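Enquirer: Starting from the structure of chain S, add chain Y where the hints point.
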Amino acid sequence: MKILRAPPVHRGRTAETRLRPRIPRACGWLLAAAVALALPTAALAAEPGDAEFFESRVRPLLAEHCAECHSARAGDPEGGLSFDSRSDFLSAAGVAVAGRPDESLLVQVVRYDGDLQMPPAGRLPAEAVQTIEDWVRRGMPWPDDSAPAATKAAAFDIAERRAAHWCWQRPVATPPPAVRQPGWCRGDVDRHVLARLEAADLEPAPEADRAVLVRRVAEVLTGLPPDPRDVERVVDDSDPLAFDRYVDTLLASPHYGERFARHWLDVVRYAESRGHEFDYQIPNAFQYRDWVIRALNADLPYDQFVREQIAGDLLARPRLDRRTGANESVVGTGFWFLGEEVHSPVDIKQDEADHIDNRIDTFGKAFLGLTLGCARCHDHKFDAISARDYYAIAGMLMSSSYRQVPFETLEVNRGVATELAALDEAGRRRLLPQVADLVAAVDPAKIAGSITVPAAAGPPGSETVLADYTRGSGSTPIIADANAWCRAAVTAGEPRLVPLPDGRGRGLRLETVGHVRSDPVWSRMKSKGEREPGKLTEVDRAGRVLRTPKVRTTVGVLWHRVRGKFYVLAVVDSHTMIAGPLFGHNVKQIDTKGEWQWVQQDLRRDVDWSTGHVVHVEYAALAGEACVAETVAALHQPSRPADPLAAALAASKDPVATAERLRDEAVAACRSGSWPEPRRAELLAACVNRACDVGIDWLTADAGRVVVDALGIEGARDRVRLAAALASATAPAMLDGNGIDQHVLLKGSASRPGDPARRRFLEAIDGADQPDWPAESSGRLELAERVLAPANPLTSRVIVNRVWHHLFGRGLVPTTDNFGKLGEPPDDPLAQQLLDGLALRFEAEGWSLKKLVRELATSSTFRMSGQRDPRAVARDPANRLLHHYPLRRLEAEAIRDKILSVSGRLDRRVGGPGVSIHLTAFHDGRGRPAEGPLDGAGRRSVYLQVRRNFLPGFLLAFDMPVPFQAMGRRNVTNVPAQALTMMNDPFVSQQATIWARKEIADSDATPEKRIERMYRAAFACPPRTDESAIAVEFLHAQAARHGISFETEPRHEQTWADLAHALFASKEFIFVP
Amino acid sequence: MPSSSHHCGRRRATPLTRREMLRQASCGFGAVAAAALMQRDAARAASTGIVSALHHAPRARNVIFLFMDGGVSQVDSFDPKPRLDADAGKDPRSLFKVDATQFNAVGAILPSPWKFRRYGQSGIPVSDLFPHVGSVVDELAVIRSMTSEFPEHTTANYFIHTGSGLQGRPSMGAWTTYGLGSENENLPGYVVLNGGLIPPGGLDNFTNGYLPATYQGSVVKPDAAGLANIKRLDASAELQSAKLGLASALDGRLAARLALEGRAPDALESAIANQELAYRMQVEVPILLDIADETAATKRAYGLESKFPHTVTFGTECLLARRMIERGVRFVELTCPHVGGDRWDQHGNLKNGHGNNALAVDQPIAALISDLRARGLLDSTLVVWSGEFGRTPFGQGSDGRDHNPQAFSLWMAGGGVKGGTVVGATDDYGYRVVERKFGIHDLHATMLHLLGIDHTRLTFRFGGRDMRLTDVYGTVIEDVFA
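As you go down the protein sequences, you meet chains S and Y in turn. Those letters in the first sequence? Residues 1 to 1073, by the working numbering. Those letters in the second sequence? Residues 1 to 482, by the working numbering.
In isolation and in its complexed conformation, chain S is listed as follows (with noise of 0.2 Å):
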C-alpha cells in the first residue's frame, strides 16, 4: 500500500493577515527568521546613564510586553528570541540594528507598521513605541546579564516532570492497613476509611436506618426512589444480607444504567445538537446514548467500554447484539463526534483544529483525568504532556472522519458482500477462459482492421493523486462505510455482461479501467432514524460511502474518473457539515450515463487554497452500479490515453502482427487469470473487448453458452443478495482511514504549521521511542491499547474515582476530570492507597463497574449515617475523611425523574430517540426545535433532547451542565431560580395534580392512609410523629381556602394536588439522606 504521507505546508514569508480565533497575531518566528543584521556586541557596552535607562524603562516593558512569549518560562522563547538576558537577545540575530531604528525589525513591529505586529495583544502606548526607538538609538544598551539569567525557569522536561507528579506514578497494591476496630470494616475499602479516621482519632457515623439506606441506595444507584413495598420489605428482612441483595436488585434494573449513563453522557458532553447558530442535530446521537446504557446494564468490561469508544469501528471482532445482530462496537465511537460544530466557519481550517481540540481535550478528561488541551497552544505549563504529544494524538483524529454507520446490518451484509465476492471470483475463474476459446478464434486482421486512432492526449498536468484505484488493491487503501464497496479493487480483465449496441440481448466485455464499485444491490438501502441537516439531507448516504485517503494540496479543483450515478462530498479539513452560505460547490451529483468520464469539481470559490487543505473525497452511489476510478486534485483535466489498443496498433509498424500477439498474450491472461501489470492489462482487456466487437456473435451458440454462464452466476448472485437487510439505523461513528501525521501548530494556530509530530500515545506513559503507528490506518486501535495498557497508571484510577464520587458526593481525587498538578490530589496517603487498591483489583478482576459499585455501596462506610461528631467536623469539616455520609441534593435529572416516579406518570421504557423538549417563551433564538409535551412524554430526563441551544430549563435550575467539555463534576448550585420553579414550574403543578388523583382514586382510604402513602413514596418512610396530624389539618384548611369543605369532599382534587405539591416544594424530597 502506498503510504500518503503529507508533504510539509510551504512555511513561506506570508504573515498571516486572516483572522484568527483565539491565537494572537504573534509571529515570533519570523523574527528569528529575518535577514541577519548582525548587532554588534560592542554596541552593547553600557554608556554611563544606559544602564538606569534600561533598567528602568526598558526592561520593565520588556518584562511586561514581551517576555510572556519571549521567555525561558513559557517554555521555547517564541522565534528563539529571549529577552530574559542580554546574552539570549544577542543570540536571536538580526531583530534590531544598533543606532538604527528605522531598520530595526524590533522597532517596525512594535510601531504596528507592517503585518508582524508586536505586542499580539495590543499596540504598546505611544511612549514604550518611543522608548524602544531610544534604546535601539542608543544602540541597545543591557548592561547586567546575571540577574535575570539567574530566575531563568527550567525547561520543559517530560521526565522530571513525571517524576515529580503522583499521577505519572504506577499505582501501588498496599496490604490493607491495620485497624483497631475490624469488627466495623465489611471489605478493604473499609479498613481504609476507617484507618484514615482512626489516625485521626475520629469514629465513623453509626449505621444509618435500613430506610434511609434503601432511600440513599436507590437514589445514588438508579436516580430513582425506591418502591415502597421494597422499603418495607428490606427493612422487615432480617437476613444481614438483605441489604446486599437489595444492592443486586438495584444493580439487575435498567434503571442502574440509565443513571451511571447520564454521569458519564457530562463527562462526553453529549448532546444532540451541533450549537452555533442554528443548533443543527447530529443525527441519531440517542444511538450513542442508548449504547451507553446498554454497555452499562450489561456491564460491559469498562475496558472494552473504553475501547469501543476509541476504536470500536476498528476491532477485528466486533461486539454484536445477542439477538439483532447488530454491531455494537463501532456505535461507541459516536462518542467523538458530540461536540460543538459549526455549519459554515471562515476559516476553515482553523474550525477543524477547534473541534479536534475539543475531541482530544474531552478524551484527555474523560479516560485519563489529564488536560491534554492545555498542551494545543505550547508544552504543558504543569504537567508531562507536551504540544508533541498532543498533535501525535491530532493525527489520529484527522486521519478518521465521521460517518453514519448502519451499525444494525454491517455485520449481516458484510456476509452477504463477502459471498457476492466469492461468487464473483469464481465467475471470473469460468468465464475467462470460455473467453478465450472464443477471442483465440478472432482473426487479427478483424482486430487491427479500421482502426481510428484517437487524438494524443495534451501533456500531463502537475496533479496531487487523491486516489488512484486503476492499479489495483494494493495502491490506494479502499475505505467505506459499510459494504457497499467491494473491499477488492476490480482490475483490468474483470468480464462483465453488457447489452448489446443493437439491443440483441447481452454479451460479455472485459473491464478496461481497474476502479472500485459499488455493487447495484446497495443503491438501494435505506437508512431509518435522522439524516444530516443541510444540504446533506437530500441523499441517503450511509452504508453508501466510499472515502479516499486524505491528502493535502493547495490545488482547489478537483477531478473524478467515474462511471454511473453519484453523490460527491468533498471533505475540506474534515468539514462536512454543509449549511449555510459557505461551501455550496462541497457537493456535488454526478451522472456518467454508463460511461467513464472525467467529471470536475471547482472548490476555489469557497475555498482560499493558497495555504493547502486536506482534502478527502466520499462517494455515495445513487443508483444502480457506481464506479470510481480516480481521484485527482488538478488545474486541468488529467490526460490519459484514450484508446491504448489504437494507439498501440497505431504505433505499429505492423498492425496485424501487434494484434496477433496481443490477443494470443490477453487469452493466455483469461486462460491462466493472471493479469500482467495495471497499464498491461488496460490493454489486453482492450484487445479483448475489441476482438468481441468485430469478431464474436454472441447469438452463435459457442458464444451463447458463455452469456448463459455469465447470466446464471448473476441469478446466483441475486439468491445471496435477497439475503442483505437493506433497513438500518445508524449511528455517528468513525469512519477509520489512512494514518496523517498532523504538525505541531505554533500557538494552536492551524496558519503556523511546524514540525509534523508522529502518531503516537504519551510520551510521559510510553517513552518517547515508541515503534511507528501504522500508515494504512489512524492508530486509534493502537491508542486504545496504550490507554488500557498496564504501563498506563490513570485509565482505571480515573474511572474507580468517578464511581467514588458518584457514590461518596466527592472523589478520592475530588478533581475528577484533572488527575495532573493543578487537580487536587488524593488528600492523604491512606486515600492514595486506597485508591491504587481499587484501580488495581478492579483491573484485576475484570473491569467490572457493577461489581465496584456493589463493593462501595454494601460497604460499612457507605451505610453509614449522616449524623455528625461535633468533635469530628471541628477537625475535619471538609468531610474529607468521610466521618459520615453527607447529605446531598438530588442531581437536576434525579429530581425531575423523581417526581414522574412519585406522581406515576413515570414511562419505564428505556432507550429510544429523545424526547423534543417542552419549549417556554424563554427558549428563543434560532433553531428553535419541534415543541414537546409538557410532561417529556413521562420518559425519564436522560431521554429527553439535548439540544444545545435549547437545554430544559427545569433541569438548567439544577445544575445540568451545559455540554461543551467533560463535566465529571457538576456545580452544585443553590439558587432561588430553583424555589421558583419548585412552586411555579407549570410540570411540577401539573404532576402534583397526576398525584392528587392518583392517589385519591381509592375511595375507601382515609386521609390518614393516604398522607402515609404519599410520605413512604416521597421520602422512603411514614409521617413522623405529629405530621400526619399537620397534614390533616392543612387538607382541611386548604379546602376551606378552596371554598368547600373536607368533610364532604374529602377526595377535592386540587386540595390533595396542593398537598402533593407541598412535598415537592419540601427540602426532604430533593436531598438524600
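Hint data in this document are derived by calculation from the structure and do not stem from the laboratory. Source: prediction; values computed, not measured. Some hints here could point you the wrong way.
[Unchecked claim] What the simulated footprint calls covered on chain Y by chain S, stretch by stretch (three residues with Cβ under 8 Å from a Cβ of chain S suffice, anywhere in the stretch; the number is not a length):
hint: 1; region: 214 to 222
hint: 2; region: 236 to 250
hint: 3; region: 278 to 286
hint: 4; region: 454 to 464
[Stated by the list, open to error] Here's a subset of chain Y near chain S, in silico, CB distances under 7 Å, partners left out:
hint: 5; residue: 152
hint: 6; residue: 154
hint: 7; residue: 167
hint: 8; residue: 202
hint: 9; residue: 207
hint: 10; residue: 228
hint: 11; residue: 229
hint: 12; residue: 261
hint: 13; residue: 267
hint: 14; residue: 274
hint: 15; residue: 275
hint: 16; residue: 437
hint: 17; residue: 442
hint: 18; residue: 475
No residue lacks a Cβ here, since even glycine has one placed at the ideal position from N, Cα and C.
Expert: Coordinates of chain Y only, in the frame set by chain S:
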C-alpha cells in the same frame, strides 16, 4: 515579568481550608477557591461576589450593555469617511487589500447614505441615523478603533459576550456578577432584557458556562410576567402561601431533626432561605416590570408613545434597564427588537434596514442616558453600546455591506468614562484600524477595570487552569477614562 500573571500560573499546591479560601478571596485572589466554595457557599457568593475587596477604586457599580445584534456599520454611524464619496463606485481591491468575508461578494465603494453632523460641545460627528444619541454625545466616549477576530455572527457574538469564539463559556454578565455579586438579593444579578431578537448563538451568549448557575443571565421579557416561573399558578396568593407554608413547616422539622443529629446543613438552610426569597420575588419582579408608575413625561421621553412599535419595545427595555439599575441589578443587557427585515445585518437594503433599527433604538437610548444623568445614576452606571463587528465600506450588491471585524465603532458612557471623547482611528475608508487598535479582550478588561476589578485577577479554576474573561489577553483602554 511576574510569572504568576500567566493564565496557567496561579495555583495553590495544597488544598485550602474554607477560611483560607475566604481570606484569599478578600485579597482578590478569590476565584481560585471558587470551585470548592460553590459546593457549599454558592448562595452567599451570589449575594456578595467573589471579589469581596475590589482591586482598585471602582468608577462604576452597574453595567448596561446595549447590544446591537448584527453589526452596525461604523461608516454610517460614528466614523464619517468622506473618502467614500470621493471613491464611490470604485473597486475596493484597486484601492486596498480586501480580506475574505463571509460571502465574498465584494462590491464597489459605497458612500454612506446618511449625513454626519457635529453635536454638542465636543463636536463629535454622528450620522443622521442617531440624532437623539447625537444630542447626548458629550456623555459618550466613542472608540473608532475596535476589532473583532471573527467575520461571522455566531462566533463573533460568543466572542464579544464571553471572550471566546466557542460556545459554552461564561458571559461577561456572568463574570461581572461572579466578581461583584448582586446588590439586590431579590433579583438576579445579571438580566438580559429580550427585545425579541436572541442573537445567533442563542442563549449561550448569556450563559454562566462553567461558572455556577447562580451567575446565569436571566432572560426577562419586557412584560409583567417576564421572568421564567415568576407567575404563581395558584388561584390566589393565599392558597399558594398556605401550600408553601406546609412545605416550610416540613423543612423546619427536617432541619431541626438533622440539627439534633449534630448536622448543621448549610445547603439545606440556604435552600430554605431561597424558597422565601423566591416567594418575595413573585411580588417584587412584577412590580419592577410594571412601568405604570412612571410619569407620562418619562414614558414620552423613552419613546413609549412612538408610532413605531419597535421604538416602544426598546423604549420599554431602556426604561426597565433603568429601573433594574435603581434596584441594584448588576449587569443588564438589552437585545434589539425585531423590526422586520433583519437585525443590524444589512447585506442588502442598508438604507431601510439600518434606518429602522436606528429608529427603534435611537430615542430610547438618548432618553436612558439623560434619565440616568438626571437621576444621578449615570456616574455609577457604565453604558456600553456595541455590535459584534462592523461592516465593510464597500458594498455587497448595490445597497448592502458585508461583515467587517477589522474595524468598528462602539461607545461607552457613564461610570468613569470621559464624555465627548473620540479614541482611535480607521483608515480613509473605515476599513482597518490605523490608530489605537483595540480588541474585545481590551473592551472586557476596560469594563472590569471601571467596575474596580483587575481583569487578570478575576479567575475561576476550571478544566485544569484559571480561566479569565480575557483569557491571556486584554489591555485596559485608559483613553476613555474621565
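Enquirer: Each hint should be assessed against the structure and marked as holding or not.
Expert: Here is how each hint holds up against the structure:
Against chain S, the region 214 to 222 of chain Y contributes 5 residues with a C-beta closer than 8 Å to a partner C-beta. That satisfies the three-residue criterion, and the hint holds. With 11 residues having a Cβ less than 8 Å from any Cβ of chain S, the region 236 to 250 of chain Y passes the three-residue criterion, so the hint holds. Counting residues of the region 278 to 286 of chain Y whose CB falls under 8 Å from any CB of chain S gives 4; the rule of at least 3 is met. Counting residues of the region 454 to 464 of chain Y whose C-beta sits closer than 8 Å to any C-beta of chain S gives 3, which meets the bar of three, so the coverage hint holds.
Here the hint on residue 152(Y) is kept, as its CB sits about 5 Å from the closest CB of chain S, short of 7 Å. Interface hint at residue 154(Y): satisfied, since its Cβ lies 4 Å from the closest Cβ of chain S, which is below the 7 Å cut-off. Proximity of residue 167(Y) to chain S holds as hinted, the smallest CB-CB distance being about 5 Å (cut-off 7 Å). With 7 Å as the threshold, the beta carbon of residue 202(Y) comes within range of chain S, its nearest partner Cβ sitting at about 3 Å, so the hint holds.
Checking residue 207(Y) against chain S: minimum C-beta separation of about 6 Å stays under 7 Å; hint holds. Proximity of residue 228(Y) to chain S holds as hinted, the smallest CB-CB distance being about 5 Å (cut-off 7 Å). At a threshold of 7 Å, the smallest CB-CB gap from residue 229(Y) to chain S is about 4 Å, leaving the interface hint in force. Against a cut-off of 7 Å between C-beta atoms, the interface hint on residue 261(Y) holds, since the closest Cβ of chain S lies about 4 Å away.
At about 6 Å, the closest approach between the beta carbon of residue 267(Y) and any beta carbon in chain S falls short of 7 Å, and the interface hint on this residue holds. Against a cut-off of 7 Å between C-beta atoms, the interface hint on residue 274(Y) holds, since the closest Cβ of chain S lies about 5 Å away. Evaluation of the residue 275(Y) hint against chain S yields a held restraint, the C-beta minimum of about 4 Å falling below 7 Å. With its C-beta approaching chain S no nearer than about 5 Å, residue 437(Y) sits inside the 7 Å limit, and its interface hint holds.
The interface hint given for residue 442(Y) is met, as the beta carbon of that residue sits about 6 Å from the closest beta carbon of chain S, less than 7 Å. Restraint check, residue 475(Y) versus chain S: the minimum CB separation of about 4 Å is within 7 Å; hint holds.
Of the numbered hints listed earlier, not one is contradicted by the structure.
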